[in-house]
Amino acid sequence: MALSKLDNLYRQVILDHSSHPHHRGTLGKSNVTIEMNNPTCGDVIHLEVEVNDGIISDIAFDGSGCSISTASASMMTDAMIGKPLSEVENLEQMFSDLVQGKDVSDTDRLGDAAMLSGVAKFPTRIKCATLAWKALEKAVLDSNSGIAETSSVHPHEKDILGEDK
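Count along the sequence shown from 1, add 893, and you get the number used in our numbering.
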């Protein structure tokens, strides 16, 4: 079964984000730092977010993960720079619905991340694709609640579903 030209393009974009991830590294300055993991496969993300006047001004990630996890984190960082915090939860939910195979409109707001819709065909990879997005959602919740300037969720304390281990 041959891939269509569009499927091949999507695959190439995903591979490019995985091989050459955007915004990988550290900021050196950030309002919120989050670390989360996917206990089913061992993916780990360290996410740093710089928020100024309610807008994500910069974002970076590091960690270890599969190609889907890395590509998704790269795509998410591209999509979120310049976005107000008030949009983050909506975009995270839109992405989550998309990779679960639900009908989603206005996927252009997700940027390249919309190309991960095919993950829905592989249920075991959904957590890989959503790890970075869940970490950002947690970062925004922490930022909005004013709990601390910097907070961390360590892999041994919580998994991506927020359940104590």
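I should point out that these hints are in silico values taken from the structure, not numbers from a laboratory.
Idealized CB from N, CA, C, for every residue including glycine.
You may find that some hints are simply not true.
[Said to hold, decoys possible] Have a look at the derived ranges for each label pair, beta carbon to beta carbon:
(1) Gly1004 / Asn901: 29 to 37 angstroms
(2) Pro977 / Asn901: 19 to 27 angstroms
(3) Gly975 / Asn901: 27 to 35 angstroms
(4) Asp909 / Gly935: 18 to 26 angstroms
(5) Ile974 / Thr1000: 12 to 20 angstroms
(6) Ile948 / Asp909: 38 to 46 angstroms
(7) Thr1000 / Ser979: 31 to 39 angstroms
(8) Gln905 / Ser998: 31 to 39 angstroms
(9) Asp1001 / Pro932: 16 to 24 angstroms
(10) Phe1015 / Ile948: 14 to 22 angstroms
[Said to hold, decoys possible] List of simulated lysine-lysine pairs, DSS-like, C-alpha gap at most 30 angstroms:
(11) Lys922 / Lys976
(12) Lys976 / Lys995
(13) Lys1014 / Lys995
Distance restraint between Lys976 and Lys995, which requires alpha-carbon spacing of 30 angstroms or less: Holds: Lys976 and Lys995 sit about 24 angstroms apart, inside 30 angstroms.
Looking only at beta-carbon atoms, does the pair Phe1015, Ile948 fall within the given range of 14 to 22 angstroms? Check failed, 34 angstroms falls outside 14 to 22 angstroms.
Does the Cβ pair Asp1001, Pro932 satisfy 16 to 24 angstroms? violated, 33 angstroms
Is the distance from the Cβ of Gly1004 to the Cβ of Asn901 consistent with 29 to 37 angstroms? violated, 19 angstroms
Does the Cβ pair Asp909, Gly935 satisfy 18 to 26 angstroms? Holds - the Cβ-Cβ distance for Asp909 and Gly935, about 23 angstroms, lies within 18 to 26 angstroms.
Status of the given 19 to 27 angstroms range, CB of Asn901 versus CB of Pro977: Hint violated: Cβ distance 35 angstroms, outside 19 to 27 angstroms.
Range hint 12 to 20 angstroms: satisfied by the CB atoms of Ile974 and Thr1000? holds, 18 angstroms
Does the hinted range 38 to 46 angstroms hold for Ile948 and Asp909 at CB? violated, 27 angstroms
So the hint says 27 to 35 angstroms: do the beta-carbon atoms of Gly975 and Asn901 match that? The hint (27 to 35 angstroms, Cβ to Cβ) holds, given that Gly975 and Asn901 are roughly 30 angstroms apart.
Has the hinted range 31 to 39 angstroms been met by the Cβ atoms of Thr1000 and Ser979? About 19 angstroms separates the Cβ atoms of Thr1000 and Ser979, which means 31 to 39 angstroms is violated.
Would you check the hint for Lys922 and Lys976, treating anything up to 30 angstroms between C-alpha atoms as holding? holds, 18 angstroms
Hint says 31 to 39 angstroms; check whether the CB-CB distance for Gln905 and Ser998 agrees. Since Gln905 and Ser998 have Cβ atoms about 25 angstroms apart, the given range 31 to 39 angstroms is violated.
In summary, the structure is inconsistent with hints 1, 2, 6, 7, 8, 9, 10 from the numbered list given earlier, while agreeing with the others.
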